[in-house]
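K.L.:
Residue numbers (my numbering), protein chains in the order written: chain E, 1 to 219; chain P, 1001 to 1219; chain H, 2001 to 2219; chain A, 3001 to 3219; chain L, 4001 to 4219; chain Y, 5001 to 5219.
It is worth saying that the hints were derived from the structure and are not from the lab. Hints may contain errors.
[Unchecked claim] Footprint (simulated), chain P over chain E, 3 or more residues, beta carbon under 8 Å:
| no. | segment |
| --- | --- |
| 1 | 46 to 59 |
| 2 | 85 to 95 |
| 3 | 130 to 142 |
[Claimed, not checked] In the DSSO-like style, the derived pairs of lysine-lysine whose C-alpha atoms are separated by at most 30 Å in a straight line are:
| no. | chain 1 | residue 1 | chain 2 | residue 2 |
| --- | --- | --- | --- | --- |
| 4 | P | K1170 | Y | K5170 |
| 5 | E | K170 | L | K4170 |
| 6 | P | K1170 | A | K3170 |
| 7 | L | K4170 | H | K2170 |
| 8 | H | K2170 | E | K170 |
| 9 | Y | K5170 | A | K3170 |
[As the list claims (entries may be wrong)] A short list of chain L residues far from chain Y (calculated; beta carbon distances all over 12 Å):
| no. | residue |
| --- | --- |
| 10 | R4028 |
| 11 | E4031 |
| 12 | V4038 |
| 13 | P4045 |
| 14 | G4141 |
| 15 | G4146 |
| 16 | G4148 |
| 17 | E4164 |
| 18 | K4170 |
Glycine residues also receive a C-beta, built at the ideal position from the N, C-alpha and C atoms.
6 protein chains.
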Amino acid sequence: MNRTLFVINPNSSPTVTAGIDRALDPLRTAEGPAIACVTLAEGPPGIESQRDVDGVAAPLLRRIEALRGEAAGFVVACFSDPGLHAAREATDRPVLGIMEGGLLTALTLGQRVGIVAILDRSIPRHRRAVGAMGLNDRLAGDRALGLGVGDLADAPRTLARMVEVGRALKERDGADVLVMGCAGMAGYRAELAAAVGLPVVEPVQAAAGMALARVRLGW
Amino acid sequence: MNRTLFVINPNSSPTVTAGIDRALDPLRTAEGPAIACVTLAEGPPGIESQRDVDGVAAPLLRRIEALRGEAAGFVVACFSDPGLHAAREATDRPVLGIMEGGLLTALTLGQRVGIVAILDRSIPRHRRAVGAMGLNDRLAGDRALGLGVGDLADAPRTLARMVEVGRALKERDGADVLVMGCAGMAGYRAELAAAVGLPVVEPVQAAAGMALARVRLGW
Amino acid sequence: MNRTLFVINPNSSPTVTAGIDRALDPLRTAEGPAIACVTLAEGPPGIESQRDVDGVAAPLLRRIEALRGEAAGFVVACFSDPGLHAAREATDRPVLGIMEGGLLTALTLGQRVGIVAILDRSIPRHRRAVGAMGLNDRLAGDRALGLGVGDLADAPRTLARMVEVGRALKERDGADVLVMGCAGMAGYRAELAAAVGLPVVEPVQAAAGMALARVRLGW
Amino acid sequence: MNRTLFVINPNSSPTVTAGIDRALDPLRTAEGPAIACVTLAEGPPGIESQRDVDGVAAPLLRRIEALRGEAAGFVVACFSDPGLHAAREATDRPVLGIMEGGLLTALTLGQRVGIVAILDRSIPRHRRAVGAMGLNDRLAGDRALGLGVGDLADAPRTLARMVEVGRALKERDGADVLVMGCAGMAGYRAELAAAVGLPVVEPVQAAAGMALARVRLGW
Amino acid sequence: MNRTLFVINPNSSPTVTAGIDRALDPLRTAEGPAIACVTLAEGPPGIESQRDVDGVAAPLLRRIEALRGEAAGFVVACFSDPGLHAAREATDRPVLGIMEGGLLTALTLGQRVGIVAILDRSIPRHRRAVGAMGLNDRLAGDRALGLGVGDLADAPRTLARMVEVGRALKERDGADVLVMGCAGMAGYRAELAAAVGLPVVEPVQAAAGMALARVRLGW
Amino acid sequence: MNRTLFVINPNSSPTVTAGIDRALDPLRTAEGPAIACVTLAEGPPGIESQRDVDGVAAPLLRRIEALRGEAAGFVVACFSDPGLHAAREATDRPVLGIMEGGLLTALTLGQRVGIVAILDRSIPRHRRAVGAMGLNDRLAGDRALGLGVGDLADAPRTLARMVEVGRALKERDGADVLVMGCAGMAGYRAELAAAVGLPVVEPVQAAAGMALARVRLGW
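Construct all of the structure, not just a fragment, from the sequences and the given hints.
P.N.:
Shown next as structure tokens:
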């Protein structure tokens, strides 16, 4: 079998890719598959609009096709799951999206999910996706930090804001589990969980975990 | 105000565009806006896969931006509503998709909607979109002709197959209104309705009608 | 074809009818159909209870039948859509209700709809109707002005209260589009939209727009 | 307290009222309240269309108001629950509808409910009501006998057709409990249950049972 | 027929059983069936966790089987409906759960239900049950007193807290009917309703009322 | 960290446990955690009724508590997910159920899920669980083999019947992915997938895969 699970960051930020790569370390095993995190050079610095989502689908698909020969599977590491279903048409390998994998994993950690979004305009996009997945009844709320992907590298500000938003999701919306709504938030998981007192799903880890099992099982 | 509603056929087939153009004739008025049907040369001959849908979003968006100065509004005339939400970000003019406009109009003609799809693989894509629109409870069924966009020009075969599928949607799934699931089916509306005995929505007409009202109302 | 779309105000207030009539001006075209707004003399001054809704159905239906010979279509211009489905049984012309047409149009302008109701007791009635339409997943909230139909003519008070309610729908309930929940609010659309910063649907305009297209298309 | 629960048959058929009256015998107790079954003389012979439903609401409401002084509560004994919510506005006594009471009781006897309707055109009306009640997820199917209210008195034909429809609801739609969709079917409950092998809810009995408890409890 | 409806309190608190017994007095009639309230000695003092719910199912079922010979029917008088569906497998007599009976009855008193829970950790359990019953669309909110079953006997504190929670369900969540989420709250119904200004369902009364009707009807 | 993921078969059949153990081989890695499959001696030979499900919860919970000191996590390997939520109360280690893990994984392989159940009476239990999980909109159908847990060891008969049921789920219900509804079916996955032409989820593998990722990630 092919030996590498490719986790593709569809934005062009190597900082985000590096953060993802660190976050996936605990999932690496000698038996493999290897996990390779790659940056989509053609992507925008951050995927923050529907235009960004739609625009990145075509280059992402080309990258997936270029990697197909050596790929054991793929994770699309952007919380808008760009190109996810087209990628599934293009390969018979497992393809997971991180919104999907993050939300599905959250369903095993709580009854009502709160999403920590980056921007207000992300929210209708998330709502459409949650509806497409048939998960409306499990969504407690979706609240935005008001920070773009690039802003997430400013750790103190980001964490403070994440805690505020996480508490609002818990106290006002009744969430009992949180999902971080951007691959660029990976480094804040443990601190957010401790501060808010709820389990927090890092969606790249969640999706990669599901993909690895699928690769190893061969289906 | 701008004087033209642009109805963009995102596939590259002038035959389909011509069929749409004829179908919209009854909606043309002296007061305007004018209705111009245009073909997206960069599109595929037919939009039949998620890859086609995703791939056409970027050129469609460029076309919308190029037309923005003279546009009163836009209709995206493909039943997968490619690029619809990105287009709404790109312009403050009304933008309607034909899946959306077709389904919403069908809700005023019956309680349970049946979709006449082109291909089996269209169905999960439709289901995701219906879920994103929050309309699951109004969908009776979605059945495919097994004919690609190009095949729809073969009138006797297409109509015969549409009637079979329409009857299955009525009798087996309980649909009391049908929506034609491709812009290339426009010419068959009246015959299908008569043969099946149910109201049938031609989605380009439906979406254009909603867009014209919005243009005239100025919101 | 018949030349007139009848927009029937089922309450007996000519002021409301006059407001509707003005609101529909932008939809009038030389080609027609003409748009005639009529007041149902047998209706109550305002339709504010389920009793009012149920009671007005029979006289409304008689009026529709009396107008049938000259009608191209009908709009029932009360946000409770009284008699809508009975009217559809009574004529093969298009019949639209303004709650239905208003909500469906709102679905093309935002992901989550907020309804600006007149009275608290309207809200369970709206909820039942939204459920009957299968649109629960798109409803963000429904909040009341605490003003009866007659009170709506007091412009400063009404507008101030609409803005308060609109902001609560946006900020507390997460609505990204508003629908005005009474035909008597037609004159406040633009100001409300500007003050709240969201698109606002005037439901008589929305329903009439959908009805006009149906009339012109002949289905 | 008032001593009588009024069960109002909104159609004008004394035969139907007599059948209801017999069906309620087991619920009568010395302590009361008494159960009086009354026929609404102003009603149509059968309530078979939305027009019938809407038209009967006003006279039904007048009857309820006339009986208010001596009533302990009311049951509206037509499966379309005409005027139910207006009646609740008109009295602080318990008011139950038989569609509502029948479906809610069915939810305690099975997971997925099948409705035995009289006519095909009843079905969209039922679907709207089921949606308004928020019970879509528990509805397995709704199938019609093709018999009007008056036809139900022909016992052999009716029962034979009810068994056919009941079996289709069980075998094709997966229903594990049936609700009889007309007050005029009361006499067939036991035979239908035995023939199909599923529990069957007689909705007048179900609604009257819920109403009696409410009367005795005083809330 | 058997003469006794057994209302089984699955916690071991005779105080709770005594409160239930008083609450059911208005439902007793000479014709019967008799209503006997019994305490499950093997139960925990209060059922406050999923472990309590699961653990009580087996002894509850044994008790139901022991009573089967003399039982006309059963009510499981704990708001988590422990063992409800297993009990239905074990007897052909009517078996009602109080969460189920309470919620279904609430649906006839308002459009959106608020649940007054005992503890925060009850809420995800309730949400799962509401989803299993297909009633998500009717749930306005679920808020906890922060009091265990044993604490409910402290009347002033309990009532004060119930009123606070009831008001939050009404004002913040939009509930128009409340259900008390524990059999131990039976004595507070009238005061809570008066203080909050909403109908309040006592779920043991509601379920017993439905069970009595079923027993008398013989189905 | 603890080194062992315990996969507990709550029925007492070592044959089923052995089949599970083999199925999990591809998920074993040197880095661990180890995967130990254990049989619950106190369980019934097969879990085929709600009584079986409820009855096994208490001994299962005791076993989980006994293993807590050495456990990295748990999988409850029965498709009714007995005791799942109580187990989550009892330990802060990851606990996955196979119905939950199987269905969630299926959502990444198709849009509409078909469940291959063992017995007809399993179906309402499944429906309740699917509703509790909020996944109704993704369920295409649930059909039973008519074979008990013990019967599944008869390979030719079982596989033949699985293929029949799988085809009905695909062709009549529109499923595009299947989930095997019993841990005892593990050995038939590949053959069923090949014969029906749909992806098939083996739920113990799916849940164990999700649990392993959670263990390795430490959340």
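K.L.:
Against the earlier hints, flag every one the structure doesn't satisfy and list their numbers going up.
P.N.:
The structure conflicts with no hint, since it agrees with every one listed earlier.
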